[in-house]
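Student: Chains as they are written, first to last, in the numbering used here: chain A, 1 to 435; chain B, 436 to 872.
Source of the hints: derived by calculation from the structure; they are not laboratory data.
None of these values were measured; they are calculated from a predicted model.
Accuracy of the hints is not assured; some may be wrong.
Said to hold, decoys possible - Example chain B residues on the side facing chain A (calculated, C-beta under 7 Å, incomplete):
no., residue
1, 454
2, 482
3, 488
4, 496
5, 498
6, 500
7, 506
8, 519
9, 542
10, 544
11, 586
12, 667
Ideal Cβ placement from N, Cα and C applies to all residues, glycine included.
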Amino acid sequence: MKAAQWLKTVSPSLSRKGLADQEIFLKQGRSRRFEIGPQGVLASNSNESGWAIRATGSRTSLFVAGTDQPPAGGPWPAADGYPIQLPPRSPGEEWSEPADLDVPLMVEGEALELFEACARELERELPGARLLRAVLEDGASSSQIANSHGIDAAMRARTSTLFLEVAAPGGSDTRITGFATEREARRFSPRSLGRRLADRLVVRTRGTKVDRDRAPCLLAPPVTVRILAGLLPLLIGREAAGRARARADRQGRLTSERLTIVDNPRLREGLFSAAIDGEGVPTRALVLVEDGIFRRPLVGWWQVEPRAARPAGCLRRPSWREPPRVGPSHLFIQPDQAVPVHSLLEAVPRGYYFLETLPGARFDLSADRFSLPVAGFQVSDGRANQPVSRAVLQGRIGALLHGVQGVARDLTFLPAGSALGGPSLLVHGLEIAAG
Amino acid sequence: MAFASLQTAQLGRSLAQIADHEGDHADLYLERLEDVEVPENEESPGVMVRREQGFAVRLLRQGRTWLAARDRLDSDNLRHALRQVARAVPSAAYLPEIPLSEPWNEEYAVDEVLAFPSRVREQIRRSHVAFPTRLNCGRHRRLVQVVGTRFVSEAEHEKFYSFVAELPWTRHGVLLPRLGEHEAEGVVRILIDSFRAREAPPPKSAAPVTVLGPAATAVLLHEAVAHALEADTLALGGRAESACGYRLASDLVSVLDDPRGAPEGVSRLSDDEGIPTIRRWLLQRGEIREPLADILHAGQSVMLSPGAARRGNRHLAPVPRSLHLELLSGETDSADLLAQGDGGLFLPLASRGTLDPLSGEVEIQFPYGRRISKGVAADFVGPCRLRGTVAALLQAVTAVGSEQEFAGAGWCAKGGHRLAVWATCPSLRLEGLEVAA
């Protein structure tokens, strides 16, 4: 049965409780998980099926969710929430679903082959390095939303996540983990995964620590993405605009003019690419920061100022278990397609090239301070040479944002609830402390 | 909430058809979960209720696991899951129509969850302090039943509560086995201490005597003993049983995992694989006795016993985890622990703990603490943390308090399984460790 039909079925019993505005969300998903490790081999198949209902009157509201099918006549919990607003139907831009949504999920043999290929490529890049554990999750879902204001929409999604844990050669205790995500599991590239993991192992095993320094830093996408995650309070929610404008300079710039930050739920290759959001509102791309100038925060459709502005469709609903919440889909720093990473590296006479972040990051927006443990390489004459196993980037957040001197084209997304993405950035003026 | 009409004999026969190799293990795991949450947030829709139910069929064969999970409790889904796990159903297989459950139409009873925040607010008022706070209360119920080819466990019911207070300067979360006056008093005590400590500077890095209260000790035990002695964690470094006999902690430290000894509502007679739980010595006088194991890991060594399997939900394969840790009490009176710790720090509770299974490094974070002066807990200090390897932390124990307290250790999220973990323990004194801001 479709969501709109279910809405008709449950509507009378909810209306009798004084909850005239109603919304129903249905989600079905299939996922496969394959795992190899010290405990053996695991292959699992899950079929999930859930629903959620939000209903509101002029004074109260409720949220209830469950597996299988909604109960037509209740029972319903007490409606004691604040009244909420459900969105009206609004026209969206034209949309065609990505073709790979229909590609079958991986089977056990393919997953084991992928793990073997990753182990082989890692060993090729760094002889003696070993794959200790690998987990592949491959899933597809379809959702439907209907509400009493006329919304009746559907969307599909597809996500694959690969987790690898590897050990350095010889008797070293050094082990690292790596995550990768793709919409379709067959797109994982064992060669590039093996190369990245090998680089990180080399940094950890052969790296030295640095003394206090101040020098240009080239930050690889995992570092850029972690910085973007630390800036989310400036970009999302009702209070974001106030925070961002309070920290803009006299020209109204929040960041270096080289930075443009966008949330694009319709990104063709994106993990969460969709025509509608978690309430059924059509999605569209929004520029939050343009050439360093703060334009707008990401807020719910009912919070958009002026009221006549077209809503953005940015209510995320990763699961039927939770009500939708304002959040980005694919939030990223716009790459510069004309700039390859090596050209930024070559522009560093003496400095650092940081590849990854380490645990312990802190971003204190109220105090305008950050501290970010990182690892990578020292750079001299435009070449990465001596590995650095641990250093701490620190200082004022404002100085970090205004210090961006170059943006590369290697946009990479990493999952952090939603997909956050960034290219390599060349930043001047950063303080580097011993880790 | 119970699975009243379960045809366990028929289910056992169906499972036996797919466990057709020597040494195979097959089981059916059924669960019903209910989460009620009352967040105090103008953007949330009041009481939020989630009910879910489903099952998982699992086959273990020579170190390989096949699992199929479904959110619908009906015969079609069961047959499909059995076929998926078997991958090729023997031609003689008979997979019958088996009703798994009746509809779950129980009324939603949420009054106790709605009332608790008001009770906490009332007690804060009575304490003559006032500060802005958002109080979120939740109730978590779980029904689990496991059917195997040769056994059927009794249905296990769990019921407990979570409470989170969001304050302008921090956030405190706690798990509670019930919502009574005593629990409200405990929560209010924490909030008032946190209010008094809100502007206190963190302690300077030093190596003082550190006294951990029972709630902080519970978090330390969970990270440094329970996680460190899970068979899957130990397997990352080799064979899990080779840890047995190794001296990990000071000989003052004896720790058990005792799911049957947990408070009513969270105690368990069988684990999430249907195996009877046991009172398991993890550490006895500092020496490792028996790691936590499930059927998979116990099958790989005669020195490991199953009975410690837990699963976050039906879609995840079971893993070895603790449920209720008990640290045996020592001989030092609580007052003496402080009296002998002059110049040190008293840390009553921890906000978070982590173990890096690769390096063996543990970090415990504390929202606030108090300086020990003249044998009593005196001035407040701000947030701080304790970091070190498992062995360094556990060998730094120089005294164990004589009075045990039940202290919920909190939510554990290791490996994607969100599980409530509990502990009963006294206070601990540690020496020679660095407490850093």
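Student: The structure should be examined with respect to each hint, and the outcome stated for every one.
Tutor: Evaluated hints:
1. A hinted interface residue such as residue 454/B counts as satisfied when its beta carbon comes closer than 7 Å to some beta carbon of chain A; here the least separation is about 16 Å, so the hint is violated.
2. Because the closest C-beta pair between residue 482/B and chain A is about 5 Å apart, less than 7 Å, the hint holds.
3. The interface hint given for residue 488/B holds, since its Cβ lies 6 Å from the closest Cβ of chain A, which is under the 7 Å cut-off.
4. Restraint check, residue 496/B versus chain A: the minimum CB separation of about 10 Å is more than 7 Å; hint violated.
5. Because the beta carbon of residue 498/B sits about 3 Å from the nearest beta carbon in chain A, less than 7 Å, this interface hint is met.
6. A cut of 7 Å between beta carbons decides the hint on residue 500/B: the least distance to chain A is about 4 Å, and the hint holds.
7. Hint on residue 506/B holds. Least Cβ distance to chain A is approximately 4 Å, under the 7 Å limit.
8. Taking 7 Å as the C-beta cut-off, the interface hint given for residue 519/B holds, the closest approach to chain A being about 5 Å.
9. The interface hint given for residue 542/B holds, since its Cβ lies 5 Å from the closest Cβ of chain A, which is under the 7 Å cut-off.
10. For residue 544/B, the suggested interface contact is broken, since its CB lies about 9 Å from the closest CB of chain A, more than 7 Å.
11. A distance limit of 7 Å between C-beta atoms decides the matter here; for residue 586/B the minimum to chain A is near 23 Å, and the interface restraint is violated.
12. Proximity of residue 667/B to chain A holds as hinted, the smallest CB-CB distance being about 6 Å (cut-off 7 Å).
Consistency note: the structure conflicts with the earlier hints numbered 1, 4, 10, 11.
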